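**Student:** Each protein sequence line maps, in turn, to chains F and E.
Quick note: the first sequence, position 23, residue 23 per our numbering, numbers continuous.
Count along the second sequence starting at 1, add 1000, and that's the number in our numbering.
Worth double-checking, as some hints may not be accurate.
These stretches of chain E come out as covered by chain F in the derived footprint (C-beta under 8 angstroms, 3 or more residues) [said to hold, decoys possible]:
# : segment
1 : 1209 to 1220
2 : 1685 to 1695
Derived Cβ-Cβ restraints for the label pairs, each shown as a range [said to hold, decoys possible]:
# : chain 1 : residue 1 : chain 2 : residue 2 : range
3 : E       : F1201     : F       : E84       : 25 to 35 angstroms
4 : F       : I24       : E       : E1116     : 35 to 45 angstroms
5 : E       : R1256     : F       : E25       : 52 to 62 angstroms
6 : E       : G1106     : F       : E25       : 31 to 41 angstroms
7 : E       : A1006     : F       : I24       : 15 to 25 angstroms
8 : E       : S1240     : F       : E25       : 34 to 44 angstroms
9 : E       : V1111     : F       : E84       : 34 to 44 angstroms
Everything labelled a hint here was simulated from the structure, so no lab data went into it.
This structure is a prediction, so every number in the text was calculated from the model and none was measured.
Note that beta-carbon positions come from the ideal geometry of N, C-alpha and C, so glycine has one too.
The residues making up each chain are set out below.
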Amino acid sequence: MACEIEQKDGLIRLRGEMTIYAAIELARQLFDCIEGKKRRCQIDLSEVSEIDTAGLQVLLMAKRACEARKTAFALVSPSPAVAECFKLLRMSETPAKTPRRARRSS
Amino acid sequence: MSQDSALDTFITESSELLRDMESVLLRCENGESDAESINELFRAAHTIKGSAGLFGLDPIVAFTHVVESVLDRVREDSTPVTAPLAAILLECRDHIRQLVDAVVEGEQSEVPALSEAGAAILEKLTTIAGVGTAKKAAATAPPTSVPATTRSRASGEAQHAGESKGLRVDSDTWHLSVRFDRAVLKHGMDPLAFIRYLTTFCTFTGLQIVEDSLPARDEFDAEACYIGFEIGLRTDATKSQIEAAFEFVRDDCQLRILPPRSLVSDYVALIRDLPEAEGHLGELLVQCGTLTAQELDDCLQAQAERKQAEGEAPPIGEMLVERKLVQPAVLAAAVQTQVEARASKESKALEGRSIRVDGDKLDRLIDLIGELIIAGAATGSQARAAGLSHLNESALHLARIVEEVRDQALKLRIVQIGPTFARFQRVVRDVARESGKEIVLETNGTDTELDKTLVERIADPLTHLVRNAIDHGIELPEVRKDAGKPPCGVVRLNAYHDAGAVVIEITDDGGGLKRDLIRQKAIERGLIQENQALSDSEVYALIFEPGFSTADQVTNLSGRGVGMDVVKSNVSALRGTVEIDSQAGKGTQVRLRLPLTLAIIDGFQVGVGRSSFVIPLDLVEECVELNSGGADGTAESALNFNLHGSVLPLIRLRTLFEIAGKPERRESIVVVHHAGKRVGIIVDELLGELQAVIKPLSRLFKQLQGIGGSTILGSGKVALILDVPGLVERTKPAHPGPHDAVQSGMRGAISTRA
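The following block holds chain E by itself, in its conformation from the complex:
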């Protein structure tokens, strides 16, 4: 269980790091790399590798390790990340993403297809990175590179050329290092039993009893445990399986496991962390496979000789380096690890200011606050009914606080849209490359805030729209030049708040929609009649019809005719709308209009007969009295009203929802606006403002038109929330014209601009 939740954390964390890597790499590719970017990349790769190692996710560790090594070398050379290197690193990033995704799907061991793809990418990576650094090495001939190369040549282990350069140890054995606590025997555990158990699934290549802690005879307690083990082993098991062998003594021992081909620095870190004196460094290195016994013996010999000559011996670590038996980088790597550890500690402190909270917990909190609002409203109305002024006052005070709590709670879920926009840099880059176009993405209003759920759900439709803009909108560079436009196309993402809604605009400066082509296809598909006259926006709206595609050729990006209708239905599901504007030769703009939040709205309560309805307050413009002479009649289409000199179409709720009973003598009009259109809703009574906690309607009522949800009033009664956008769409234009038929024929309520 805890393993699972830890794994979830790993996945979340990796996703974030991968996202960071992506944005840094994209910056690098545009020539905006600096010293910090390579550090960021390295840290991200390093952290992913480290965490993956904790879970024994070997494919990720193995792959990321090579990436990390390359990044490390680039960093040491302090060369900038060039565009080609960034491109290949992007591929690497994507591969890591795939590996992580495989873990998400529950595949922890190696997936052959993935590892093949990974090997191919790594080969490209080492080639590119190798060229870059080889040049540098030739120019300055740093002494550090000499022992490294001689060593790998001498030992003839060049099969992992890229890896050995990246400071890998060429042994294929795991290394396990365990020290037991003194009390382990008294706890009834026998360390030997764990070692014995290991042999059931591991083959030991070497084992050393570490007995350095054995005390002098006088201090020896025969019931305390003083020993530890260093074990080299071969196994098909994962790291976590090996760890599981020590499950029972987890708290009573120090266990360190290094997978095969670990970083040399990992071995060095292991050695440093062990309690034994450094005199054992050599022996341990032998066991780690860094040195052969022969190399160590030679070294010890030399040390002994010098001891006689000078009376004092340098530490064995220095000796080894001097004899070029250990790569100097081993020690450098060890120092590096320490520096990094400190750096990561600092960044941890910064992170401490924000905490990660399970989304479900937030949902639950907001749910409870919803209940609180309902209960508060009930208290308020009872206080009013009781007519006790003191009670009423405190009820009002309570209501104010509850309102504040609600706002704060909703803010917890509010995030900026910037990161979502930033993701499209990558989409634009990839799609532009694939289609041979030059495109830049401009983003505006990245600090616009909206509900996290919305951000998540809007990402897919947005991706589709951006791809569409690139694939269908932006022309090829030559075409653009001929049309007198700059060769580089621009896709613009813009977000802003407007009347309680978030508007997201996707604009391109491409060829625009081909009005005639859309019309022709629509006629072919029987969506419209040949002789129908349609306004521009009505024609453009046709592309949201299911299965509609005007693309001359199907590319792998878009043009298969699925998409725009999915975008529309996705947005509608969020109580949002889609509008489209286009100018031939100039470009296209798609506007998504979304509600700010999904959970709670400020509402305006109205009554019709004995029923209550709630209208989202943001959409209410004004309330006017319906004078019986101004507009009357039974036919819905005839209901229009003269408001401030312009025609206002009316909807009578009583008629719409077939509510029994006679209309009140004095009816009111609530003027609502949506997407630039105004509609008047005729109601019996105006009941005032309230906070409505939206309770979604069950599946059974999904088909209901004009209703967006329900809420519970303070009195305990249920009120229906009007789907104002839906109602506005339903309204026939103020001047009934020949394209009425089109609108009703198109069912899916398409927004047209007034």
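Only chain F is shown next, with the shape it has when bound in the complex:
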């Protein structure tokens, strides 16, 4: 039911369900976590068992927060569930690098 956040070597690792059931707590913790990142923010999604719209929104919020502070943002090693979602939504693992996103931030 819950989603845990683990910080290790500058990497933020999310574990568990990124669903609406865990979204409020996840958002609060993750945003706090990002506050501390100055140059790079990498989020490891390898142990996310499930993701839904609420979970996705939290990631989008995180990305925006980073972009606002000119912090490099990257989503890495997505789990199968996350990969499926990204594929569906045509998101690359590191959305920050796609030209479209880049343009918007400029």
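Let chain F serve as the given structure and place chain E on it in line with the hints.
**Tutor:** Below, chain E without anything else, positioned relative to chain F:
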């Protein structure tokens, strides 16, 4: 279910619009076009397209779209609709009609035969319309046409030449735009699931997450939904199938779907309607396929440069137009859409004054009022029997109100015959062209009112008669000139009320019926004997015999020998009659006589023995006493009566219906008239007026002669309604002559003029 009823509305609405289009086009063809007519045409096409789009009726949308675009261009050029253009537009209209008919028959996808025919018509249309506008463009060289042409040439997408000019986007992808409401997640829905479901029958060509609504961190509610999607997709599914994917969140999202090759204005409208800032215009255009990413990037670059130079950038929309990347018409079209929306709102307000009611509901209402009349009559008769004056008075009052209610209710079903007549303009035009004749149709008495059911059922027989008048009646122009007549023939439709009936006359000034030819054919077919002497009207009446045709050649219109007998049986089924008059060389007149309404009549009740009969009051002329010396006898044919110095044939109901018992000592004659003939009906008693709700006789009694229906009296007893026209027909002429045999031989009771 609701989908079906909505579809019905669409079909009704389209039929009306198509009818309007037809009459406008016919006017245009006669050179009576004005600025308003093109507007009307455009609005009709636009509405049909729009509604068809709602139901995912792609063949209609695709076809109507091209028609609409052409009309739009004609309108912009403010050139009148010329006769050739009107002719081809009529073809287009007919094609749309066919497409709609296909939908009626349950065929929602494309019918290959129809789409081929449609393509052919469109080609003609674009050729004709193209010539008209090209000339104009060359003369004035409007700047607006330049980017349009350069663009289509540049992108090399000329395969839909007619369409791209008509402001179509050349992408073959659907565009789906969806925004979810905040609460959708809390309702237990996951928008991703709907997107995922879409992939089961669609291939996405592009998808963009619209995240502009994401709030600042402090305001972010992780359980609210802030995102939407812009999706380009390819699919074989219909619009309604795509919509169905979002069935569960229908109330929780804004969904817009644009089919492939939509109007540019549709895309613009979509962009405008989206909540996102206009800065996204460009990006969205890329996804819509209006611009390539390269074109957009160039534009953004230019915008950035200018921003530095001037410190302020024009809106991206202007930039795009300036760079000639977007057709200026895109923006113009968007403005146009707004203007139209306002115009349609105004016309809606006018429409608001009339409401569309299901015909079944009206029937049910009239049925109930029928019951009300019966119940009212029962109350009335009981009040009389009780002899209480107060009760009697209120019963009478009630009866008066009921009568008024009846009249009002019947009026609900009453319509003018004008629109029915107007339809024949088209028939006349088409048939005249096909047969190479010049014919005008004149209509009179278009405000004559009659029951809607009658109008519907009379349309077919009327069409047949009009076609007959043109095909057999009106001669070719040369023949007419030789006969000293103007080359242009006239077919006249006239309607008027006469003695509780509606009379519809179809008159032509053609060659008239060929008496000898009809006689000869009738002898050949064994309908009459060679030595029989027939009056003119009797001869003409022969053409109503089944399988009778005198046409020398069978055309595809008429002359196959089916028709006139069908006309007659159709009219008879409506309790109407057909008469025919003709003068060689001068023309022919066919007269249809129909009852005003089918449901309720004012009747005159008479008694014979213990039975009651009702005679339609309109047909009753007078009642006289039968003096035993005036006419008597047992043989029916011998019954005649001297009424005001003329001979009145009599019918004794007691004999006709074989009612047991001896006649009363004092019998009465009810003089009825029909179609210029008078007949006296001998009855025992005159019982007075009543309102009779006609209950049709069941199939079992269809063969009964002289009975038109039944009604229930206030007492609960059943009374039979006399079929007066039938009785009049049955009566032998006052002077029995040698053609008696003909009449009885012709069975189908043909009306002859007295």
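**Student:** Now, for every hint given, state plainly whether the structure supports it.
**Tutor:** Hints, one by one, checked against the model:
1. 1209 to 1220: holds (count 5)
2. 1685 to 1695: It is violated: at least three residues are needed, and the segment 1685 to 1695 of chain E offers just 0 whose Cβ sits closer than 8 angstroms to chain F.
3. E:F1201 - F:E84: 25 to 35 angstroms: Between E:F1201 and F:E84, where Cβ atoms are some 18 angstroms apart, the hint is violated.
4. F:I24 - E:E1116: 35 to 45 angstroms: violated (60 angstroms)
5. E:R1256 - F:E25: 52 to 62 angstroms: The hint (52 to 62 angstroms, Cβ to Cβ) is violated, given that E:R1256 and F:E25 are roughly 35 angstroms apart.
6. E:G1106 - F:E25: 31 to 41 angstroms: violated (54 angstroms)
7. E:A1006 - F:I24: 15 to 25 angstroms: Roughly 42 angstroms apart at Cβ, these two residues miss the hinted range, so it is violated.
8. E:S1240 - F:E25: 34 to 44 angstroms: holds (41 angstroms)
9. E:V1111 - F:E84: 34 to 44 angstroms: With a Cβ separation near 40 angstroms, E:V1111 and F:E84 satisfy 34 to 44 angstroms, so the hint holds.
Going through the hint list in order, the structure does not satisfy hints 2, 3, 4, 5, 6 and 7.
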